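Chemist: Protein chains in written order, with the numbering used here: chain E, 438 to 697; chain L, 104 to 503; chain P, 58 to 372.
It is possible that some hints are incorrect.
The calculated lysine-lysine pairs, modelled on BS3-like cross-linking and capped at a C-alpha distance of 27 Å, are [said to hold, decoys possible]:
#, chain 1, residue 1, chain 2, residue 2
1, E, Lys515, E, Lys462
2, P, Lys218, E, Lys537
3, E, Lys515, L, Lys490
4, E, Lys587, P, Lys218
5, E, Lys537, E, Lys587
6, E, Lys462, E, Lys641
7, E, Lys462, E, Lys682
8, P, Lys218, L, Lys490
9, P, Lys141, L, Lys490
10, E, Lys641, E, Lys515
11, P, Lys144, E, Lys537
Hints in this document: simulated from the structure, not taken from any laboratory.
Just so we're clear, the structure is a prediction, and the values are computed from it rather than from any experiment.
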Amino acid sequence: MELGKDMNHEALVLTDVRKQFGHTKIINGVNLDIIAGERHALIGPNGAGKSTLFNLISGRFPVSSGSISLHGSEITNKEPQVINRLGLSRSFQITNIFPKLTVFENLRCAVFWALGYRYSFFRRVSALQDARERAEQTLGMIGLENRREKMAGELTYAEQRALEIGITIASGADVILLDEPTAGMSRSETDAAVALISRVTEEKTLLMVEHDMGVVFNIADRISVLVYGEVIATGTPTEIRANKKVQEAYLGTQLEGDEE
Amino acid sequence: MREMLNTSRLLFWGGVALLFLLLPFVFSGGFSLSMLSQMGIMIIFALSYNMLLGQTGLLSFGHAVYFGLGAFVTAHAINFVEVGAFGLPISFMPLVGGMTGLVFSLILGFVTTRRPGTPFAMISLGIAEMVAASALMFTTFFGGEGGIVTNRTAGGVNWGVSYGPQIQVYFLIAAWCFVSMVLMFAITRTPLGRIANAVRDNPERAQFIGYNPTRVRWLMMSLAGFFAGIAGALSTINYEIITAEALGLMASGNVVLMAFIGGIGQFWGPMIGAVLVTLLQSALSNFTQAWLLYFGLLFLLIILFSPGGISNLIMIHLPAWRAGVVRRLMPSYGLAFLSGGIAFIGVVGVIELLYRQVAFGVPWIGSALMLLIGGFFLPRTTRAVRKVWEDLSPELARWS
Amino acid sequence: MEFFLITLLNSLSYGLLLFMLSSGLTLIFSMMGVLNFAHASFYMLGAYFAYQTGLVFGFWPALFLAPILVGIVGAITERYGLRKVHKFGHVAELLFTFGLAYVIEEIVHLIWGRAPVDYRIPDSLNFTLFTLFNTQYPAYRAFMMLVSVGMLASLFLVLTKTRIGMIVQASLTHPDMVQALGHNVPRVFMLVFAGGCALAGLAGVLGGNLFITEPSMAFAVGSIVFVVVVLGGMGSLVGAFIASLLIGAIQTFSVALDLSFLDLMGVLGVTIDPDSNWYGGLSITISQMAPVLPYLLMVLMLIVRPRGLMGTRES
């Protein structure tokens with residue numbers, strides 16, 4: 438897990454990002470530098486604003502102030518599809534797939550734009566070899582080959598979570614945001630998910646929100662801790678574990694418990 | 104496997120083409136020919152509507168606007184042909200209708216497709232009412248109460264075809280219907296078609312795979328308007344008259360009914376709906392004043408008990424067919440249909456007696472009795488049907 | 058001046074009627090997310106029930122009976138129809154109410170025939186309240202306004218001051234929480250739906266004899282009510298109020314104004330040759346355009362400010 442090829446290349450930069458809903462301040466000046474190629478975890482107590490931060494980055498909500506840039510270009514307040522086309526893809530905490538399409542179709546739809554097919558209504562999808570290959574490849578990576586023709590709405594929870602990740606990575610975006618990918622999974626399902634995530638984010642930049650400390654310490658190169666809408670610490674897993682502020686703010690026992 | 108699919112699809116379309124060719128010889132009466140022609144027009148219209156509803160999730164109450172505008176512009180175009188100012192053969196007139204529908208749906212769609220769901224439905228209603236209201240204002244274009252009259256033989260005789268006899272018009276409609284069907288089906292197989300489904304299922308997620316849901320809706324709306332315009336043009340040619348009614352709420356509501364009753368979940372669903380509704384409209388209105396009531400009730404029943412429509416009902420039974428257990432379903436179905444049939448006769452009886460204002464007497468008692476008896480047994484027999492399905496489900500799981 | 062005042066009063070009474078209709082619709086929409094396509098059908102039922110019960114009991118009892126009857130019909134519809142369809146999603150619910158509108162209209166045909174029925178203003182209210190300049194102002198319109206305002210005021214009080222009102226308001230935004238607290242939320246929904254329909258029915262009782270009572274009255278008013286709701290912003294009662302008065306004014310004034318662009322240009326000293334192509338279009342009077350105006354306004358609103366005047370919900 439080397440810390441990326443180009444230490445100077447920041448894939449995603451948040452500068453003094455703030456968000457309030459009415460009078461309620463959720464994000465209070467977040468500064469975050471995600472280095473290209475690294476796996477970065479975002480942890481923090483419930484209600485700290487992690488999902489909100491994701492929503493701000495991916496364009497789902499507009500920021501109240503501050504700026505966000507992707508590979509050096511400004512993406513603050515842009516529409517989600519615009520941000521996605523620039524190479525950032527995200528998954529959702531609550532499974533967000535296309536229930537009335539088959540598993541294969543779900544994945545194939547995710548690759549169209551990246552392959553340049555846009556709004557074409559002249560080409561038959563069955564003739565699009567590259568789309569099919571990319572979708573098959575992703576299908577293999579997430580291990581759902583035998584569920585290929587099943588309606589996505591009929592999959593089990595864990596299968597849907599896997600599909601969720603599949604849709605996120607299928608387009609080949611190089612900055613991936615995963616929002617609690619292992620939420621609600623059993624121990625064995627989590628292990629499988631961790632293996633999957635490691636595999637699919639090999640050459641990419643990953644920003645992940647997670648509650649499961651085992652997963653975090655397994656995957657992350659660096660960790661940022663978000664408390665009350667502010668990042669109180671950023672560093673390697675070892676540094677974070679030792680950080681007093683973090684221990685105070687975030688139930689110290691939980692961090693130490695993973696020493697086993 | 105893919106080869107096999109292509110052959111079966113070719114066979115399907117070939118079969119449809121053959122059917123279109125042979126039908127008028129089986130049903131050769133004047134009335135039948137008219138009805139077949141109307142069915143052809145409605146099939147195009149209903150399929151175009153399903154591009155919106157079934158495929159993109161857009162519930163529109165104003166689709167008849169594009170049908171109507173296409174029809175009006177075509178009427179004027181044909182009248183221009185008659186005075187020699189325009190040289191397009193009648194056979195290609197539907198393109199005029201299509202282009203009209205396309206242009207208007209591009210313009211109106213730009214405004215209306217920004218929000219899906221309920222707001223879109225209301226907006227489409229408002230636009231439909233607006234256009235219908237303007238129709239009475241701009242009497243030169245819309246012809247006021249009497250509409251615009253046209254002459255379908257205006258193009259003269261080309262290769263022996265004048266479009267005077269109904270059979271020739273039927274074949275024109277059948278040809279355009281076939282072409283439209285193939286095209287609309289093909290569109291479902293393109294990236295846009297697939298992404299439209301994605302936008303229908305989850306517009307937000309579609310954004311996160313790079314698509315602008317509004318743009319997708321707008322494009323689908325425009326394409327749907329194109330085909331609706333073709334249907335409108337064919338209607339003008341067929342009836343040689345077009346009135347503002349064709350743009351209105353009734354007509355828009357009608358196509359909703361057709362698509363929904365037929366089934367919006369399958370491509371061919373609205374075709375069934377178009378055929379059935381046209382059949383019932385022509386046939387029923389001769390027998391009873393209450394046909395619109397029956398329609399409404401049918402519609403409500405379908406929404407309550409089988410919102411997937413008739414096509415969905417058929418699809419549900421496919422696994423049973425493949426597993427060969429249809430025979431096991433027969434007894435319980437038979438009883439359910441029997442009690443349903445009795446209740447149905449009772450309902451029809453009551454409605455007809457009310458309409459004809461028949462005095463109280465034996466027919467009333469008879470109808471009421473049938474209604475009560477049928478109504479009493481129906482829940483029980485449907486419960487039995489449900490039980491049979493439950494018992495069969497482990498076997499069926501292998502086939503679905 | 059006289060014209061302006063009379064028309065203003067007329068538009069006020071019409072606007073209040075529209076608000077009675079649109080408030081019910083807005084309440085139902087806010088609470089249940091369902092746009093009741095058949096809302097105007099309940100308006101129609103109110104008029105017909107009032108007519109029928111009026112034949113037996115007279116106008117004043119009918120004023121109370123008819124809305125209650127309509128409310129009962131609404132409750133049955135919710136309980137056995139809407140509730141079933143709820144699980145299929147909003148589109149299905151909308152379609153259900155759409156089909157319902159058809160069916161109600163046809164049933165009215167069935168029972169009362171297609172011709173308008175002779176639902177009249179009761180003699181006790183059929184006098185001139187006052188004479189403004191040369192025009193007589195009918196007492197019935199004033200009565201309508203009185204009842205409208207009274208009904209709406211009591212609705213406001215019930216929603217804000219009573220316990221059931223609190224529960225309804227809470228169920229508006231947090232139905233699950235309210236249910237977890239032990240309240241019967243499905244019953245609250247049924248109540249709200251029935252209440253909204255009863256309100257529409259009351260509007261029908263009042264409006265049916267002023268305007269005409271015939272089977273197509275539902276579709277005529279129904280679309281206007283939708284325009285009101287879209288203009289005001291779906292889910293906002295205040296918006297619905299403003300929009301109702303606005304549309305009431307537009308419709309009432311525009312029908313009475315026989316002015317056209319030509320007249321306007323005439324005032325400015327410009328004349329157009331009757332043979333020119335523009336003459337036809339420009340000579341259209343406002344009163345001829347009247348039917349289109351509300352819809353035009355709605356479309357404009359949707360372009361400029363999609364969430365309406367005071368809208369909060371997205372959809």
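Chemist: Please go over all the hints and tell whether each is borne out by the structure.
Modeler: We went through each hint and held it up to the structure:
The straight-line distance between the Cα atoms of E:Lys515 and E:Lys462 is roughly 21 Å, inside the 27 Å bound, and the hint therefore holds. Straight-line distance between C-alpha atoms of P:Lys218 and E:Lys537 comes to about 46 Å, which puts the hinted pair past the 27 Å bound. The hinted pair formed by E:Lys515 and L:Lys490 fails the criterion: a straight-line CA distance of about 54 Å is larger than 27 Å. This hinted pair does not check out: E:Lys587 and P:Lys218 have alpha carbons roughly 53 Å apart, beyond 27 Å.
In summary, the hint linking E:Lys537 to E:Lys587 is supported, as the alpha carbons are separated by about 10 Å, within the 27 Å threshold. Restraint check for E:Lys462 and E:Lys641: the C-alpha separation of about 32 Å exceeds 27 Å, so the hint is violated. Restraint check for E:Lys462 and E:Lys682: the C-alpha separation of about 22 Å stays at or below 27 Å, so the hint holds. Restraint check for P:Lys218 and L:Lys490: not satisfied, since their Cα atoms lie roughly 50 Å apart, outside the 27 Å limit.
Of the supplied pair hints, the one linking P:Lys141 and L:Lys490 holds, its CA atoms being roughly 20 Å apart against a limit of 27 Å. A threshold of 27 Å between alpha carbons decides the hint, and for E:Lys641 with E:Lys515 the separation of about 22 Å falls inside it, so the pair holds. In summary, the hint linking P:Lys144 to E:Lys537 is supported, as the alpha carbons are separated by about 16 Å, within the 27 Å threshold.
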